[in-house]
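Visitor: Given chain A's structure and the hints, the job is docking chain B onto it.
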Amino acid sequence: MMEKQEAQDLCQQVLRRCRQAQAEVLLVAEDNHLTRFANNTIHQNVAEKNLSLTVRYILDGKVGSAATNRSDADGIDQAVEMARQNALASPPDLNFPGLAEPAVYVEAGGYDDRTAAYPADERADAVGVVCRLAAEKSLNASGAFSTGARQVAVANTAGVFACHAGTVADFQVTVMGNDSSGRAQASAWRAGEIPSEALGREAIRKADLGKSPRLVDPGEYAVVFDPYVTQDLVAMLNYHGMGAQAVLDGRSWMNDRIGQQVMSPLVNLWDDGGDTRGLPAPFDYEGVPKKKVEIVRDGVVLGPVYDRATARKAGASSTGHAMPPNQRMFGPAAGNLFLAPGTAATEELIASTRRGLYITRFWYTRLVHPRDCTITGMTRDGVFMIENGELAYPVKNLRFTQSYLQALADVETLGSETRLLVVEYSGMATHVPALKIGRFNFTGVTV
Amino acid sequence: MKELMDRALDFASRRGAQYADVRLVDNRTQTMAVRDGNVETLNDSESAGFGVRVLHGGGWGFASSCELSLAEADRVAELALQLAGASSRVPGETVDLGPPVDSRGTYQTPIQVDPFGLPLEDKLGLLMAADSEMARVPGLRVRRGNLTFIREQKWFANTEGAFTEQTIYETGGGIQATAVGNGEVQSRSFPASFGRQQVTAGWEAALAWDLPGNAARIAEEAVALLTADRCPSGIVTDIILGGDQVALQVHESCGHPIELDRVYGSEAAFAGTSFLTTEKLGVFQYGSPQVNITAESLRPRGLGSFGWDDEGVPAQSTPIVRDGLFMGYLMSRETASRLGKTSNGCMRASGWNRIPLIRMTNVSLEAGDWELEDLIADTQDGIYMETNRSWSIDDKRYNFQFGTEIGYEIKHGKRGRMLRNPTYTGITPQFWNCCDAVCNQNHWVMWGTPNCGKGQPGQIAHTGHGAAPARFRQVRVGVLK
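Sequence lines, in order, name chains A and B. Numbered per the working numbering, the first sequence finishes at 447, counting up by one with no gaps. Numbered per the working numbering, the second sequence finishes at 928, counting up by one with no gaps.
Here chain B stands alone, though its shape is the one from the complex:
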């Protein structure tokens, strides 16, 4: 392992690279899915390989391979140098990586029960138990459940003396009930939509979600949604978002626009740019005084929790929004240096075969001081919305439209009738400046987003978002005719 990595770095150094790093990753993923009582998938996959990134002649090059041999280390380092040479044919500004990074050490996700050490039957049993509970509710068309377990070992070294070793565990899972009828397709998911909730933890996390205990409830809700009243359309009203939807709102309208590579145009063609341009740093009122957002790669259970990022920069905490004021970015060594700062450790690659990009770590809305029941009681007229169903936002992260699986009318401080197909839309800073209440730590959950796409070739990142339910005043609701 170390020998291969040293070989690649030595090769690059001897050929005159200004900087080089190498990451070797061994990923094991186990997935299982149950559909209508039948095991649909039970799969284990292993993927191992290494990637070499070099800065040479002013240009960047990256090459990767699944063949773990010393000869391949030479070939891959040589190819990375060739690619760097090709990059320098269309040169840009001189790259400044800032202070050298020479981190050393080991890190492992704290877990209680290693999910890979458990009998497969125990894990399938959890899904089957949840499926049986959903099956007791008449009127469902499809019942689904899934579990995902990941163990990723990663070694990083660079020409500045860094050498780190990390083992990251992730546990994900969820159930979904779908009902069809009345011209509608209605699904309810638990704990989160689009397949699963996911955290850095062991088997204990899957047990804590209590999938069987929530299965009948979501099944009943899916069936009830078929005949529920349609959410009002084209009105402006107060909304309270469930914690899972707040997490999605943070991810899309805060997490992405604070990526400094987007701000500097590096992602312009694909992911887009950002409205949070650098002159706004420290002076722009992003949200109301109730809005406090932090990027922190040290938070327990977050999918953005690790020891070091993929440039070897230690995990750390960065204030992003304080009392509504925009305070910080997610940065790499190169972009931080351009801003006159040092990296806050946000470079992450989705695997051994991808370069690190600026990605979210755990970008979280800090808890406020409301109990959810008190917040509803304090709302005269509005709509409660929970569990994301649809999300779309423009390329500067300004104009968004989100939909949720379920809504409830709020009248005179009480939760009333169920509403189907709720959607809301807004402009990011206007929306966050309408936030006047965030629920307290009792309602704050570390949500996982295991499906964040960015980059070319594409990368799927796993990011964390702590959030609690929050209220937003006078928001436009409903767009369907």
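Bound conformation, chain A alone:
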């Protein structure tokens, strides 16, 4: 990662070339490494170093943008010129909220030197332990161990300069047998906090327990969810309606429900870019400081997160949740979400269930109906029938079609242990517990 002054100098180089125009520059520098394994061997081992500069050029209300991954003078000149040409070709942007104003940014933390420079051999050795444990049980381990660093800086001609560097490590393992599988995952901004061997043992235990699964009929069941499933509930609620654009468009699950109790009083959900239990970020991609935003308090929906454009339309203030320019058409989104835990261990959630399903992971979840956040998807990597408070037998995978809003209304208990999990592809961090839900609708089975 470059020094803060170096990042500022680079941003200023871009802004100086914009001359009399209003302008904003976003710098993202990344250095990422990932060791991937399958069939108890490492089959992919990759590294990437990249930098991007995105310029927004504003001339008489007209907005154009351009991005480059070159940081030399010619590359910057070309990017600025493309942004200028795009602004000139555009009609005035009636929704442009103006540039962010200078602000005070707190040091968010979340950077670990050792994680940024984590040795490939150590990733390989951690993977090797898990592969050996799986092989000893005649099981097959696969997954990925990633470590990396990311630096984000935002500067504009109104005087904003914000810079933050963070690290992230993530370990995912899936262990498969002939007719069973188990999975475990943990994320952290300190790679040293990743319990790779324990994760391997967790996945192996589930794969062991899952042998010879039985077919059960679809229908409504009480369910106990591992945090990996809770993550999906929280992530889908975020993607499909936690941002103000979805609310303004009328397609959010929040529409007509703000201020109402629509979830269990046990549900408390918030986003906090300053909380180092997640992956902290002190400001958004417009340079606005992130506020802690309560999304749901005691089951009552309080409201969405905003960027500057949606805040202007809604007559609200930005909460610091703007996305990068290439994703801004989707509107703002939460990035460091927390679901408050309860007091029960997962074993207690199972013990308190007379009949139901213990589910360890969801897969390929997709929106079916937006207003109720109705989702379809599959179970994967471990489903177990609970009878009289005990795991009775493993179950073949099921398809569900269920309103996640209703599911959170039917929450009966939350687990006491929370886990930080980074969502694949989006990079969103969630800090979530296990859940017990009174009823959940399964609509099909697979072989």
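No lab work stands behind these hints: they were computed from the structure. There's no promise every hint is true.
Claimed, not checked - So, partial list: chain A residues that the calculated Cβ filter (under 8 angstroms) puts toward chain B:
| id | residue |
| --- | --- |
| 1 | Leu-34 |
| 2 | Thr-41 |
| 3 | Thr-157 |
Unchecked claim - Residues from chain A shown here face chain B by an in silico Cβ test under 7 angstroms; the list is partial:
| id | residue |
| --- | --- |
| 4 | Gln-20 |
| 5 | Ala-21 |
| 6 | Gln-22 |
| 7 | Thr-68 |
| 8 | Met-82 |
| 9 | Asn-86 |
| 10 | Leu-99 |
| 11 | Ala-120 |
| 12 | Leu-248 |
| 13 | Met-323 |
| 14 | Gln-327 |
| 15 | Gly-377 |
| 16 | Arg-380 |
| 17 | Gly-444 |
| 18 | Thr-446 |
These figures come from a predicted structure and were not determined experimentally. Glycine is no exception: its CB is placed at the ideal position from the N, C-alpha and C atoms.
Guide: This is chain B only, laid out in the frame that chain A set:
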């Protein structure tokens, strides 16, 4: 360019790499989006860099960088070797890449009009014209339109003597109308959902879609869907899928399970595995005799069309399903060798900073001999469904549930009332064995899927799927309570 690539290969060879390749990519992408008559995005982006892949000590390593310099070529090659060394700490079976690949040549997507040579105002004008047509329809909540143009220059070289240069052009675009009311959110998209249709072609493709000419129709349909009858739920009936939905069905339930890396478990943790295991090759009745599927990277306009894949293997055609019988896989050099075959050129990386993975090229359902009107007339009782809205399938690609934006009841051979929220579900081989009719070449379109996710770190591939409307007998429809 060539000097940097030679430098990286020389470095790897001198350090004892068994094999190395280098890809240098320069990507230019222009995107523009209009929302409710306002230009929401007008952006150009350039991304250039190179990646070095080495096989060393029995392990694979890959490193990449955006810094195009000879010194960086050395550093990146060295890092790739280090990563290969780390891989060999948890060794697997010996890698066999099969016959050497020494392809040489150049390739460029055939285009009529270079989209980057046109005035920006012309391109924005097309979107604005479509927006104006949608705006004439009362009752819409959101109007959107977008265009995407890509020019990707790519150079590939390996230690076996290959050196290829390619320039791939893509043009994408689409419009969407959304209406809200009656407890519903209903969208109609054209030509395809999730943003856009996309093909390897120039500006001529965007004009041929006639976005303005279809704008009012989809706007009216979106509004009408708010009060349309709900699609029946929990019934079993015949369905006819529009060509765009057939393309999605091919992508998810055929394209992914024929990826040989999935079959061999390389993607088990993330994308999943496949029910099409190798003992089924040549003997498994995947579909009915009407089902013929081909993977072909030579088809005009397909997003999987190129000169060579990212291992330097030439573009080619592979029969996947013939008369319903499962015949072939998408393969890399390494996986093909394990199966006793040679690669059919399906290794593709999403950019300079990603390793190539087995990806779909153009996996297409071949045209049948029906006119759509005749097919509807031949259907006594059923539902016509068009334009994907929701898609989910299990990790072996067996159990799926898909939804479309719009449906129409078919009664006594006639298309009847509009239906909202149609969904259908099934098990892949059972479903394809229920296919009894595919429409003819008049209805066959090369659809693009520019959003196919796979791999860790994630890669978004652009794949092509030729398809025409098709009928499937006795399918389970509707799951909503």
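Visitor: Decide, hint by hint, whether the structure agrees.
Guide: Right, here's what the structure says about each hint:
{"no.": "1", "hint": "Leu-34", "verdict": "holds, 6 angstroms"}
{"no.": "2", "hint": "Thr-41", "verdict": "holds, 3 angstroms"}
{"no.": "3", "hint": "Thr-157", "verdict": "violated, 19 angstroms"}
{"no.": "4", "hint": "Gln-20", "verdict": "violated, 20 angstroms"}
{"no.": "5", "hint": "Ala-21", "verdict": "violated, 15 angstroms"}
{"no.": "6", "hint": "Gln-22", "verdict": "violated, 16 angstroms"}
{"no.": "7", "hint": "Thr-68", "verdict": "holds, 5 angstroms"}
{"no.": "8", "hint": "Met-82", "verdict": "holds, 4 angstroms"}
{"no.": "9", "hint": "Asn-86", "verdict": "holds, 4 angstroms"}
{"no.": "10", "hint": "Leu-99", "verdict": "violated, 17 angstroms"}
{"no.": "11", "hint": "Ala-120", "verdict": "holds, 4 angstroms"}
{"no.": "12", "hint": "Leu-248", "verdict": "violated, 9 angstroms"}
{"no.": "13", "hint": "Met-323", "verdict": "violated, 12 angstroms"}
{"no.": "14", "hint": "Gln-327", "verdict": "violated, 10 angstroms"}
{"no.": "15", "hint": "Gly-377", "verdict": "holds, 6 angstroms"}
{"no.": "16", "hint": "Arg-380", "verdict": "holds, 6 angstroms"}
{"no.": "17", "hint": "Gly-444", "verdict": "holds, 6 angstroms"}
{"no.": "18", "hint": "Thr-446", "verdict": "holds, 4 angstroms"}
Hint violations for this structure: numbers 3, 4, 5, 6, 10, 12, 13, 14, all remaining hints satisfied.
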